[in-house]
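Asker: Sequence:
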Amino acid sequence: MASRSASPLRVFIADDSPPVAEMMKELLTDPGRVEVIGVGETETAAIESIERMRPDVVVLDLQLKTGSGTDVIRAVRANPQLARTRLIVTTNHASPELKAGCLGLGADDYFDKLKELGALAQRVRELAEAKAREAG
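FYI, the numbering for the sequence shown is 1 to 136, going by my numbering.
Bear in mind the hints are in silico, worked out from the structure with no lab data behind them.
What you are looking at is a predicted structure, and each value in this text was computed from that prediction instead of being measured.
Hints should not be assumed to be uniformly reliable.
What the hints assert, rightly or not - Calculated lysine to any residue pairs in the SDA-like style (CA-CA distance at most 25 Å, straight line):
{"no.": "1", "residue 1": "K99", "residue 2": "T85"}
{"no.": "2", "residue 1": "K131", "residue 2": "A21"}
{"no.": "3", "residue 1": "K131", "residue 2": "A119"}
{"no.": "4", "residue 1": "K65", "residue 2": "R33"}
{"no.": "5", "residue 1": "K65", "residue 2": "S95"}
{"no.": "6", "residue 1": "K65", "residue 2": "S49"}
{"no.": "7", "residue 1": "K25", "residue 2": "E41"}
{"no.": "8", "residue 1": "K25", "residue 2": "A130"}
{"no.": "9", "residue 1": "K113", "residue 2": "E129"}
{"no.": "10", "residue 1": "K65", "residue 2": "P31"}
{"no.": "11", "residue 1": "K25", "residue 2": "L82"}
{"no.": "12", "residue 1": "K131", "residue 2": "R86"}
{"no.": "13", "residue 1": "K115", "residue 2": "R133"}
{"no.": "14", "residue 1": "K25", "residue 2": "R52"}
{"no.": "15", "residue 1": "K99", "residue 2": "R133"}
{"no.": "16", "residue 1": "K99", "residue 2": "D112"}
{"no.": "17", "residue 1": "K113", "residue 2": "L98"}
{"no.": "18", "residue 1": "K99", "residue 2": "D109"}
{"no.": "19", "residue 1": "K99", "residue 2": "P8"}
{"no.": "20", "residue 1": "K65", "residue 2": "K131"}
{"no.": "21", "residue 1": "K113", "residue 2": "G136"}
{"no.": "22", "residue 1": "K131", "residue 2": "P96"}
{"no.": "23", "residue 1": "K115", "residue 2": "G136"}
{"no.": "24", "residue 1": "K115", "residue 2": "T44"}
{"no.": "25", "residue 1": "K131", "residue 2": "D108"}
{"no.": "26", "residue 1": "K115", "residue 2": "P19"}
{"no.": "27", "residue 1": "K65", "residue 2": "P96"}
{"no.": "28", "residue 1": "K99", "residue 2": "V20"}
{"no.": "29", "residue 1": "K113", "residue 2": "G38"}
{"no.": "30", "residue 1": "K113", "residue 2": "T44"}
{"no.": "31", "residue 1": "K99", "residue 2": "D71"}
{"no.": "32", "residue 1": "K115", "residue 2": "E134"}
{"no.": "33", "residue 1": "K65", "residue 2": "E126"}
{"no.": "34", "residue 1": "K65", "residue 2": "E129"}
{"no.": "35", "residue 1": "K25", "residue 2": "S68"}
{"no.": "36", "residue 1": "K65", "residue 2": "A121"}
{"no.": "37", "residue 1": "K131", "residue 2": "P19"}
{"no.": "38", "residue 1": "K65", "residue 2": "H93"}
{"no.": "39", "residue 1": "K113", "residue 2": "A6"}
{"no.": "40", "residue 1": "K65", "residue 2": "G32"}
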C-alpha cells in the first residue's frame, strides 16, 4: 500500500443530550485522524449502531434517553466481533464506585464530563496515534 495515510479513528457517541453529543463531536473530531461516525441517544440505538458500524471507540454516557450505558457495555463486551472496540464512559455523576463498576464491566476508560473533557480528548488523540502507528 503506497503513500496513503492510515484511516482515521472511528468514534461513535452515545449520549442522551443532542447538544452534549454535538459538543463531544466538535471536541473529538480531528480531520484525517478522528472521525465521529454516528450518534445514538438510546440504549437500543447505540447497540444497533455499534454492531452495524463497528467503531474503534465508543464514547458512552451512562444516562441514555431509554436504557443504560452499563447495558451497552455489557452488550458490546458480549459480542466477540466487537472485542477490540474501546469503551470510554463519560458521566455527569462521577463517583469512585461507579467508575469501579464500569471498569469491572469492561469499560476501558471513565471520565467526568464536568471536569475531565480535556483528558477525554487527550485519550482519544492517543488512541488515534496508536491506530496510525499500527497501520504503519
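Asker: For each hint, tell me whether it holds in the structure or not.
Answerer: Hints and how they fare:
In summary, the hint linking K99 to T85 is supported, as the alpha carbons are separated by about 19 Å, within the 25 Å threshold. The straight-line distance between the Cα atoms of K131 and A21 is roughly 23 Å, inside the 25 Å bound, and the hint therefore holds. Between K131 and A119 the CA atoms are separated by roughly 18 Å; this keeps the pair inside 25 Å, and the hint holds. Distance hint between K65 and R33 is unfulfilled; the C-alpha atoms sit about 30 Å from each other, more than 25 Å.
Annotation: proposed proximity of K65 to S95 holds, straight-line Cα distance about 21 Å (limit 25 Å). At most 25 Å may separate the alpha-carbon atoms for a hinted pair to count; K65 and S49 meet this at roughly 15 Å. Note on K25 and E41: the hinted pairing holds, with a Cα-Cα distance of about 14 Å set against a maximum of 25 Å. Note on K25 and A130: the hinted pairing holds, with a Cα-Cα distance of about 20 Å set against a maximum of 25 Å.
Pair hint K113 plus E129 holds up; C-alpha atoms about 23 Å apart against a cutoff of 25 Å. Between K65 and P31 the alpha-carbon distance is near 29 Å, which puts this suggested pair outside the 25 Å criterion. Under the criterion of a C-alpha separation no larger than 25 Å, the hint pairing K25 with L82 is consistent with the structure, at around 22 Å. Between K131 and R86, the direct Cα distance comes to roughly 12 Å. Compliance with the 25 Å bound is thereby established for this hinted pair.
Pair hint K115 plus R133 does not hold up; C-alpha atoms about 30 Å apart against a cutoff of 25 Å. With a C-alpha separation of about 19 Å, the suggested pairing of K25 with R52 holds against the 25 Å cut-off. As the CA atoms of K99 and R133 are separated by approximately 29 Å, the hinted pair breaks the 25 Å bound. Pair hint K99 plus D112 holds up; C-alpha atoms about 10 Å apart against a cutoff of 25 Å.
Note on K113 and L98: the hinted pairing holds, with a Cα-Cα distance of about 14 Å set against a maximum of 25 Å. Our distance criterion of 25 Å between C-alpha atoms is met by K99 and D109, whose separation comes to about 9 Å. Restraint check: the Cα-Cα separation between K99 and P8 comes to about 28 Å, which exceeds 25 Å; the hinted pair is violated. Distance check on the hinted pair: K65 and K131 sit about 32 Å apart at the alpha-carbon level, beyond 25 Å; violated.
For the given pair, K113 sits about 33 Å from G136 by alpha-carbon distance, which is inconsistent with the 25 Å threshold. Pair hint K131 plus P96 does not hold up; C-alpha atoms about 30 Å apart against a cutoff of 25 Å. About 34 Å separates the Cα atoms of K115 and G136, which puts this hinted pair outside 25 Å; it is violated. Restraint check for K115 and T44: the C-alpha separation of about 28 Å exceeds 25 Å, so the hint is violated.
Annotation: proposed proximity of K131 to D108 holds, straight-line Cα distance about 16 Å (limit 25 Å). At roughly 17 Å between alpha-carbon atoms, K115 and P19 fall within 25 Å of each other, so this suggested pair holds. Proposed proximity of K65 and P96 is supported: the alpha carbons are some 24 Å apart, at most 25 Å. As the CA atoms of K99 and V20 are separated by approximately 20 Å, the hinted pair is consistent with the 25 Å bound.
As the CA atoms of K113 and G38 are separated by approximately 19 Å, the hinted pair is consistent with the 25 Å bound. Of the pairs offered as hints, the one joining K113 and T44 holds, with about 22 Å between alpha carbons and a cut-off of 25 Å not exceeded. Between K99 and D71 the alpha-carbon distance is near 15 Å, which keeps this suggested pair within the 25 Å criterion. Restraint check for K115 and E134: not satisfied, since their Cα atoms lie roughly 31 Å apart, outside the 25 Å limit.
Note on K65 and E126: the hinted pairing is violated, with a Cα-Cα distance of about 30 Å set against a maximum of 25 Å. Annotation: proposed proximity of K65 to E129 is violated, straight-line Cα distance about 32 Å (limit 25 Å). A threshold of 25 Å between alpha carbons decides the hint, and for K25 with S68 the separation of about 21 Å falls inside it, so the pair holds. Pair hint K65 plus A121 holds up; C-alpha atoms about 24 Å apart against a cutoff of 25 Å.
Under the criterion of a C-alpha separation no larger than 25 Å, the hint pairing K131 with P19 is inconsistent with the structure, at around 28 Å. This hinted pair checks out: K65 and H93 have alpha carbons roughly 16 Å apart, not beyond 25 Å. Note on K113 and A6: the hinted pairing is violated, with a Cα-Cα distance of about 29 Å set against a maximum of 25 Å. Taking the CA atoms of K65 and G32, the gap is near 31 Å; set against the 25 Å cutoff, the hint is violated.
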